[in-house]
Each structure stands twice: as structure tokens, then as C-alpha cells.
Amino acid sequence: MSIRVEKHIVLGDAPPCNLVEITVDGKKVRAQEGEKILAALIAQGIIVNRYTVKRKEPRGLFCGIGQCTDCAMVVDGKPNVRTCMTPVKEGMVIETQYGLGARQNDKV
Amino acid sequence: MSIKENGFLTIGELEGAGQYPSKERLAKGPMAVVECIQEIPCNPCEEACKFKAIEVGQPITNLPKIHEDKCMGCGVCVAQCPGLAIFIVDKSYSKDYGTVAFPYEYYPLPETDEEAEAVDRRGQVLCSGKVVKVQNPKSFDRTPVITLEVPIEYAERIRGMKRKGVSL
Amino acid sequence: MTKYEWEVVVIGGGPSGLAAAIEAAKADCEVLLIDANEKAGGQLFKQIHKFFGSSAHRAGIRGIDIGEELLAEAQKHGVEIWLNSVAIGLFKEKVIAVETGKDNESKIVKTVRAEKIILAAGASENAVRFRGWTLPGVMGAGAAQTMINVNRVLPGKNILMIGSGNVGLIVSYQLMQAGANVEALVEAAPSIGGYAVHAAKIVRAGVPIYTRHTVTEARGNGRVEEADICQVDRCWQPVLSTKQTLAVDTIAIAAGLKPLSELVIMHDCQMMFHPVLGGWVPLHDENMETTCHGIYVVGDITGVEEANTALEEGKLAGISAAKALGKLRVLEADKIKGEIWERLDGLRLGPHGIARMNAKNDQITEFKKVHSGR
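Sequence lines, in order, name chains R, W and H.
At position 12 of the first sequence the residue is numbered 12 (my numbering), and the sequence of numbers has no breaks.
Numbering-wise, my numbering comes out as the position in the second sequence, counting from 1, plus 108.
Numbering-wise, my numbering comes out as the position in the third sequence, counting from 1, plus 276.
Hints were generated in silico from the structure; no laboratory data involved.
Just so you know, not all the hints are guaranteed correct.
To be verified - Listed below are the simulated EDC-like cross-link pairs for lysine to aspartate or glutamate, each with C-alpha atoms no more than 16 Å apart in a straight line:
id, chain 1, residue 1, chain 2, residue 2
1, H, K599, H, D610
2, R, K89, H, D379
3, W, K270, H, D610
4, R, K78, H, D379
5, H, K315, R, E35
Unchecked claim - Derived coverage of chain R by chain H (criterion: at least 3 residues anywhere in the stretch with Cβ under 8 Å from a Cβ of chain H; other residues may be distant):
id, segment
6, 10-17
7, 32-43
8, 59-70
9, 75-83
All C-beta atoms in this analysis are idealised placements derived from N, C-alpha and C, irrespective of residue type, glycine included.
Start from the sequences, fold in the hints, and give me the full structure.
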């Protein structure tokens with residue numbers, strides 16, 4: 001089975017949806033209209049959302065409901081956007097967050 | 109009790125809790141085996157049976173009591189039990205084969221006449237079984253019930269089948 | 277035009293909040309419900325399994341369907357719902373600061389005044405810390421459940437589940453329903469915490485349950501690639517010689533929930549610490565009212581239990597608030613409250629419920645000790 005749960009005995013078939021195009025770290029990617037950014041990334045096999053300030057360690061999905069902020073990324077230039085709570089939109093630009101903001105050249 | 113340490117029941121534990129049908133009744137025809145031995149507030153099985161063969165009463169933590177003479181083995185209760193703990197065992201099916209009906213909420217469902225790997229309460233494959241019925245009507249609210257034909261000596265131990273298409 | 281004065285404001289739109297809002301609205305109260313998410317319903321929309329309980333009161337129905345029923349009922353009775361809205365402050369004059377907006381938008385803060393406030397903020401998952409626990413791929417069991425049942429994506433393919441309470445057992449089952457493989461479930465205690473029937477269905481699906489085991493380390497490059505589990509001794513210490521390494525890409529932690537008590541504490545409602553209930557919980561009376569007059573609490577914020585108790589507590593508070601506002605006749609309200617208490621007591625019976633029954637009694641007894649003369 002794929003990462004997306006297309007078929008499910010209880011949930012039924014995945015409903016039809018419109019696709020939107022978003023950019024993730026410079027790469028154009030398809031997402032389902034209205035789905036959470038985090039879900040769209042997981043569907044692409046992307047599990048790291050940000051790197052910590054001091055030790056530069058990777059962080060990703062932890063609580064999934066907006067409590068922990070491990071999934072925060074830079075969205076349309078705005079940092080600290082909880083991707084588990086925020087839906088995608090056509091043309092959205094998403095970047096891995098490095099510490100407190102977007103990547104600044106090679107200051108990782 | 110192995111259920112608390114390992115997560116599976118033995119027939120001995122079921123008999124000890126008074127929750128196992130008699131040998132005579134099992135030999136007569138399809139019979140519900142309700143593998144429910146903890147006092148939890150729950151009674152949808154009582155309402156599900158139109159033959160009034162399942163009794164819970166008050167308080168609803170009572171273990172369900174199955175009236176062997178009233179149970180027709182129709183299987184409606186199998187889909188209604190939230191714990192997926194009811195099975196229909198038929199040891200009168202044929203000389204060498206019995207059937208076991210169990211709830212199966214996984215995609216994809218098997219097709220009739222398919223061969224399945226029949227598993228016991230511990231999840232171990234005991235034998236091969238033939239799918240004789242796949243029921244998934246609206247009234248079951250998405251709890252399909254599968255009936256497997258298995259060698260009769262395994263009918264009291266088989267409680268499911270290995271999931272299909274599991275490799276990712 | 278936005279309304280800022282309400283008779284009843286419910287904070288949190290899970291089963292308890294929705295039930296409270298519905299009862300108050302049915303009694304003709306003006307009710308506002310605020311919820312942080314895009315869609316209300318709390319945890320119900322992850323609960324794809326059939327609920328236990330009394331068949332007379334929604335047992336045998338899936339959480340997701342109960343969620344839809346409640347939303348429809350709330351709408352039918354005119355409950356106003358503000359979504360994407362978080363109560364960021366609760367002040368002495370029954371004033372609530374509400375921040376509305378998504379993280380990528382400009383947020384707006386409004387202040388709302390209420391006569392009666394019902395707090396239904398729920399609970400959050402506990403963490404278990406072990407070396408490597410911060411690696412992507414380590415998550416709450418509820419987080420995994422949200423991904424598969426709400427977002428319809430698998431957070432991983434080979435799962436190690438930590439914890440054998442009902443959440444650990446049920447989420448393991450649901451992960452398999454979504455197509456994942458659950459490599460093992462470890463439980464540090466000597467026996468399985470959740471219901472036998474939940475354990476039975478994952479064991480017959482091939483998931484080994486290791487009691488007296490815990491996770492000691494997760495390793496991987498950028499995400500979990502393998503994890504070590506080992507036995508624990510009678511003092512809960514890992515016995516390193518029993519270490520096994522499992523090839524897993526996900527570790528789901530089901531180690532209990534704790535009430536989200538911030539607003540209650542902020543308002544100086546009296547609390548108590550109760551391990552059975554999940555941590556710090558507000559004291560309340562039989563009407564679900566706290567030591568702060570006009571502030572009610574319902575659902576997991578009062579102690580971590582289940583959806584069916586949350587629904588009943590919500591109804592209790594909704595009716596109590598309506599009665600206090602003079603919208604329900606005393607005799608009628610008291611009769612319904614009596615029936616609700618009978619159901620609540622019924623749901624807390626049996627070996628799995630008795631600890632909660634005693635804990636809830638302790639909570640009400642403490643309330644009476646602290647708050648005499650009401």
C-alpha cells in the first residue's frame with residue numbers, strides 16, 4: 001500500500017479532490033486541496049519539518065494537533081507556522097525552518 | 109490469566125469464565141461463541157440478537173450469557189459487538205470440515221472460494237481455509253464478516269485469517 | 277455584526293463541549309462554542325471504531341458518526357461556532373480573550389463576555405523519553421491516529437507501539453487497517469492495561485505484545501530506522517542484556533493523557549492532583565461547576581476517561597448552566613441530571629472503571645470540603 005490511504009474498510013475510498021501545486025524547498029509538488037501541509041509533505045515522503053536552534057537536530061510530526069510545534073515550518077515567508085494545523089493553498093511556498101527562520105545561504 | 113499478559117485467551121479460560129458453549133451444542137449446528145470475559149459496561153450484543161439468545165441485563169457490566177437453545181448461529185451479533193469478540197462456529201458443516209465466521213475490518217476483503225491462511229487466537233497460522241462467505245451489508249456498519257471452511261479439528265481454534273496484501 | 281455578550285460560552289468543541297452546547301441551546305440559551313480547529317468534533321473524528329457502552333446511548337456506533345450527529349444537532353439548535361479560535365485568556369469578570377486565525381494569516385483577538393463558561397479543552401498526550409526520542413518518526417499514538425484516520429496518510433510503515441492501554445491497542449489496530457505493519461507493542465507493566473478484547477484482536481492479527489518491556493533507544497539518520505526494546509525488572513529498570521533491535525521507522529507513544537488545565541488554573545479554580553485522572557484536575561460539584569461560580573468543566577479536562585463519559589458530563593453542565601440562568605425548571609432539570617448521573621455511574625462500573633469511579637468521587641468530595649455553604 002502507498003503512503004496515502006486510498007482504500008479503507010471503515011473510511012471507504014478516498015474522496016475525489018482537486019489538486020493544487022505547492023513549492024517545498026524549491027521543488028514543485030502536488031497536494032490535495034485543503035489538506036494539512038503536514039499531510040501533503042508526509043505523502044511525499046518528507047518527515048523533517050525543521051531543525052533546532054542550538055543543536056541543529058531534525059524535528060517532525062509529534063503531537064499532530066497543534067500543541068507541540070515540532071512541525072513548524074516557514075510558509076510564504078512566515079516562520080513558526082504549525083503545518084499540522086494549516087491547510088495548503090495553490091501556489092503556497094513552504095520551506096524547512098532552520099532555527100527561527102528560513103535557511104540563510106549556508107548558515108545551517 | 110494469559111489474556112492479561114499475552115493478549116490471547118485459551119479455551120480453558122473461556123470455559124472457566126462460563127463463556128464457552130457445550131460440546132453437544134457445538135456439534136448440533138452453528139453457534140455463537142462470545143469471547144468476552146471482562147466486566148466492561150457494554151451491551152450492544154443483547155440488542156443485536158432478534159432471537160433473544162444473548163442476555164446482559166443490568167448492570168451492563170454483566171458478561172453476556174448465551175442461551176444455547178435459542179442461538180441460531182445467524183451471526184448478526186458478530187458485526188454488532190464493538191469488541192469484535194463474537195465468532196460463529198459450525199461443527200455440523202460436514203464430516204471433515206467445520207466453519208468459523210469472524211469479523212474482519214481490513215481492506216481488501218477476500219473473495220469467495222479463495223484460500224486463506226487461517227490463524228488462531230495467537231495469530232499463528234494453523235491451516236489453510238476456504239472462504240465460503242463474505243458478508244458486508246449496510247446493516248453491519250462496515251464490519252464485514254468472513255466465514256472460513258477449515259478442517260473440523262481446528263474449528264474451535266481458528267479465529268481469523270492473515271491479512272492480504274500486507275507488504276508495503 | 278459580531279456578538280460579544282453570550283449567556284453560555286463553551287471552550288472546546290469535542291464531545292463534551294458539543295454536548296454541553298447542545299443542551300444549553302435546547303433550553304433556549306444563547307450559546308457560543310469556540311474551537312481551535314478547522315472542524316469541531318475533538319478526538320471523535322479519529323475514532324473510527326465502534327464505541328462500547330449502553331446500546332440505549334450510542335454504543336455500537338463509530339466515533340466519527342457520533343461526531344457528525346453532534347455537529348448537526350449543534351447547528352440545528354442554533355449554537356454559534358467560531359472555528360480556528362483559541363481561548364488565550366480567561367479573566368475574572370468572565371471575560372474570555374479569543375484569538376482567531378490560522379498561523380499563516382493575521383490573527384485577530386476579540387474579547388467575549390459570558391454569564392456561564394464551560395471549559396472543555398480536553399487533554400494532551402504524555403511523552404516517554406528515551407535516547408533518540410526527538411528523531412522524526414517518534415510521535416504520540418494520537419498523532420499517528422490523526423494522520424491515518426483524518427489525513428489519510430501513513431506516518432510510517434513499520435511501527436513500534438509503546439503502551440498497552442486502550443489507546444495503544446486501538447491505534448495499533450487502526451494502523452493495520454490503514455496498511456501499516458505493527459512490529460511489536462511494548463508495555464512496561466506486568467500486564468496489559470487496556471481491554472482484553474482490544475488486545476485479542478491485535479494479537480490474532482499477528483502483533484506480539486511484550487509486557488515488562490520498554491523502549492531504550494531509537495536510532496536513524498534524519499528519522500527512526502531502528503529501535504531497541506528490552507525487559508524491565510521489578511523496579512522498572514531496563515535489563516540491558518535482554519535487548520532486541522527492531523527494524524521500525526515509527527515509534528508511537530501511548531503513555532496516557534494529561535488534562536489541558538491552563539485556563540482553569542489561570543482563573544484560580546481550585547485543583548487537585550490525581551494520578552488516575554491524569555494529573556492536575558479542577559475540583560467540581562455534581563453540576564460540573566468549579567469553585568469559581570459560573571465556570572463549569574467537562575470531559576477530559578476534569579479527568580481522562582472516555583468519549584461516552586465526556587458526552588454525559590457535557591450534558592450535565594449544559595443543563596446545569598441553563599438551570600442556573602433560569603431557562604429550565606428546577607424539577608425538570610434535576611430529574612434529567614439524576615438520569616445522567618445513573619448513566620455516568622453505569623459507565624464507571626467494573627474492574628476497568630472502579631478506579632475512575634473512586635477518583636471522581638474523591639474530586640467531588642474535595643470540592644465539598646473546600647467549598648462549603650453552596
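Hints and how they fare:
1. H:K599 <-> H:D610: holds (9 Å)
2. R:K89 <-> H:D379: holds (13 Å)
3. W:K270 <-> H:D610: violated (53 Å)
4. R:K78 <-> H:D379: holds (9 Å)
5. H:K315 <-> R:E35: holds (12 Å)
6. 10-17: Coverage by chain H holds here, the residue count being 3 at a Cβ distance below 8 Å.
7. 32-43: holds (count 6)
8. 59-70: Check passed, 9 qualifying residues.
9. 75-83: Since 6 is at least three, the answer is holds.
The structure does not agree with numbered hint 3 stated previously, though it agrees with all others.
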